[in-house]
Amino acid sequence: MLPRPHGGRLVNRVTPGKEKEAILAESKELPNINISKDTAVDLENIAYGVFSPLEGFMCQNDYISVLESLRLEDDTPWTIPVVLDVGREVLTEKGIKAGDTVTLAHNGKVIALLEVEDIYTFDKNVHAEKVFKTTDINHPGVVKTREMSNCLLGGKISFIQGVENPFEKYTLCPVETRILFRELGWKTVVGFQTRNAPHLGHEYVQKTALTFVDGLFINPVIGRKKKGDFRDEVILKAYEELIRNYYLKDKAVLAILRTEMRYAGPREAIFHAIIRKNFGCTHFIVGRDHAGVGNYYKPYEAQEIFNEFPDLGITPIFFKQFYYCRKCYGYVNERICPHNGDDIIPPSGTKIREMLIQGKTPPKEMMRPEVAEIILSFEKPFVE
Amino acid sequence: MGESERKYTTVSIPVQLYEKIKQRIEGTGFTSVSDYVTYVLREVLASLEEEEKEEVFSKEEEEKVKERLRALGYLD
Numbered sequence: 489m490l491p492r493p494h495g496g497r498l499v500n501r502v503t504p505g506k507e508k509e510a511i512l513a514e515s516k517e518l519p520n521i522n523i524s525k526d527t528a529v530d531l532e533n534i535a536y537g538v539f540s541p542l543e544g545f546m547c548q549n550d551y552i553s554v555l556e557s558l559r560l561e562d563d564t565p566w567t568i569p570v571v572l573d574v575g576r577e578v579l580t581e582k583g584i585k586a587g588d589t590v591t592l593a594h595n596g597k598v599i600a601l602l603e604v605e606d607i608y609t610f611d612k613n614v615h616a617e618k619v620f621k622t623t624d625i626n627h628p629g630v631v632k633t634r635e636m637s638n639c640l641l642g643g644k645i646s647f648i649q650g651v652e653n654p655f656e657k658y659t660l661c662p663v664e665t666r667i668l669f670r671e672l673g674w675k676t677v678v679g680f681q682t683r684n685a686p687h688l689g690h691e692y693v694q695k696t697a698l699t700f701v702d703g704l705f706i707n708p709v710i711g712r713k714k715k716g717d718f719r720d721e722v723i724l725k726a727y728e729e730l731i732r733n734y735y736l737k738d739k740a741v742l743a744i745l746r747t748e749m750r751y752a753g754p755r756e757a758i759f760h761a762i763i764r765k766n767f768g769c770t771h772f773i774v775g776r777d778h779a780g781v782g783n784y785y786k787p788y789e790a791q792e793i794f795n796e797f798p799d800l801g802i803t804p805i806f807f808k809q810f811y812y813c814r815k816c817y818g819y820v821n822e823r824i825c826p827h828n829g830d831d832i833i834p835p836s837g838t839k840i841r842e843m844l845i846q847g848k849t850p851p852k853e854m855m856r857p858e859v860a861e862i863i864l865s866f867e868k869p870f871v872e
Numbered sequence: 004m005g006e007s008e009r010k011y012t013t014v015s016i017p018v019q020l021y022e023k024i025k026q027r028i029e030g031t032g033f034t035s036v037s038d039y040v041t042y043v044l045r046e047v048l049a050s051l052e053e054e055e056k057e058e059v060f061s062k063e064e065e066e067k068v069k070e071r072l073r074a075l076g077y078l079d
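These protein sequences, in sequence, are chains A and B. Its first residue numbered 489, the first sequence is counted upward by one per residue in the working numbering. Its first residue numbered 4, the second sequence is counted upward by one per residue in the working numbering.
What the hints contain is simulated information worked out from the structure, not anything from laboratory work. Careful: at least some of the hints might be erroneous.
[To be verified] Here are the simulated DSS-like cross-link-like pairs (lysine-lysine), alpha carbons at most 30 Å apart as the crow flies:
1) B:K67 x A:K644
2) B:K67 x A:K725
3) A:K525 x A:K714
4) B:K69 x A:K739
5) B:K67 x A:K506
6) A:K525 x B:K67
7) A:K725 x B:K69
8) B:K62 x A:K657
9) A:K506 x B:K69
10) B:K62 x A:K508
11) A:K675 x B:K69
[Stated by the list, open to error] Residues on chain A that point at chain B, a partial pick, calculated with CB under 7 Å:
12) I667
13) P798
14) D799
Backbone N, C-alpha and C fix where the C-beta goes; we use that ideal spot for every residue, glycine too.
Pulled out of the complex, with its shape left as it was, chain A reads as follows (with noise of 0.2 Å):
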């Protein structure tokens, strides 16, 4: 059976279409506050679901729980605070405080109404701290906080619109993933997350965890990345031709989620856990440095964080990295081959990388020929 949302019931805060044009009307009285599209993405993910139980902006008390305890106030485990920043002077400008609602917009365009609950200020230093273990500034998780503004709002919200999605035909909601993998037959589903195109490490330890469950949801992350990463259709386009080529028809569904990645590495591991328990899976793939960045993490201490939650309620499966061991005849990971040195070819992403910059193909020991060809056909793969 499919895993209970977390929380306990899947959130819906989207207003339903018949008052929606009564809400857009009378919302012109209210305040205003411009949000980035990264917000209005994020608000989006709240309406649907995607970030059950939370039904809008956090306001103090589980924020600093989050910061403090990896949980909200009421003890469900959560780890990246999903905030509403706001300049202490637009609030003053526009009269806002606690009690009043206002309406959230993206270049003009109304996205929510949000029921201001809270309005606190935070530390900029022990947040970057808390969630990215780290005040360096060339963290990007860091370099965000540093460029909030000084104050959250939080409080529920009504989502009525939202911002243009090129990739509309790849989105799926909560509950639409959760009635096709019915469909489907699965009874569990392992969730697998990437910021990257597919090479055959991901590959392989996507085909190991679908060998003990139902079906594979494939669940890349779309949005504003770092330069050097893929770019969100490069990402999309390689994994239908893997797809096409080497799965069962029945056994792997293709989504994206619409949200930026953090770079918070262990905390985001758990974030991304939760998203896809949300999504219906059972099970959540954990690799090597899961969403991290530089060496602001252990390599695997994305993996143990998951032992301080028991009751996170969706399974956790660990690997190691797996690679192509020449003496083997095929890829395997630490755990079953003895082979070491010129024996083994890792799919070295950094490499992999180097050479599709240079227009070439890696070798097939490291990346599928057709993924390859898909990602040389774009002229610029990569994020600039």
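Please arrange chain B on chain A, whose structure you already have, making use of the hints.
Using the frame of chain A, we list chain B on its own:
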């Protein structure tokens, strides 16, 4: 925001049980009986919740969803 701001309350357990747990957690990652008891209780509650029934969707909602899934090629 320090340790002191975490919220805790006291629960009583028999002294013999306390001593037994204290011995059990020696050499493990648990640094206190409280940590161990919290872990075990969370595990028990989680497994109880697992046994509860999955939520169901209305027929109308299901049909609408299936229609979209078919249109997108996820279902035949």
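- Item | Pair hint K506 of chain A and K69 of chain B, alpha-carbon separation not exceeding 30 Å | holds (22 Å)
Exercise for review: Under 7 Å, Cβ to Cβ, is where I667 of chain A needs to be relative to chain B, so tell me if that hint holds or is violated.
Suggested key: Holds: closest Cβ of chain B sits about 5 Å from I667 of chain A, inside 7 Å.
Review point. Taking only the CA atoms, is the gap from K67 of chain B to K506 of chain A under or equal to 30 Å?
Key: holds (17 Å)
K525 of chain A paired with K714 of chain A [C-alpha distance capped at 30 Å]
Between K525 of chain A and K714 of chain A the Cα gap is close to 16 Å, so the pair holds against 30 Å.
Quick one, are K525 of chain A and K67 of chain B close enough, alpha carbons at most 30 Å?
holds (28 Å)
Point to revise | Proposed proximity, K69 of chain B with K675 of chain A (alpha carbon, max 30 Å) | key: holds (18 Å)
| query | Between K67 of chain B and K725 of chain A, is the straight-line Cα distance small enough, at 30 Å or below? | reply | Holds, because 27 Å separates the two Cα atoms, which is no more than 30 Å.
### Closest C-beta approach of P798 of chain A to chain B relative to 7 Å, hint status
holds (4 Å)
Pairwise hint evaluation, K739 of chain A against K69 of chain B, where the allowed Cα distance is 30 Å at most:
Holds - the C-alpha atoms of K739 of chain A and K69 of chain B are around 18 Å apart, at most 30 Å.
K62 of chain B paired with K657 of chain A [C-alpha distance capped at 30 Å]: Within the cut-off at roughly 23 Å; holds.
Hint check: K62 of chain B vs K508 of chain A, CA-CA at most 30 Å. Holds or violated? holds (23 Å)
Quick one, is the D799 of chain A hint okay against chain B at 7 Å, beta carbons? holds (4 Å)
Taken one by one, the earlier hints all hold for this structure without exception.
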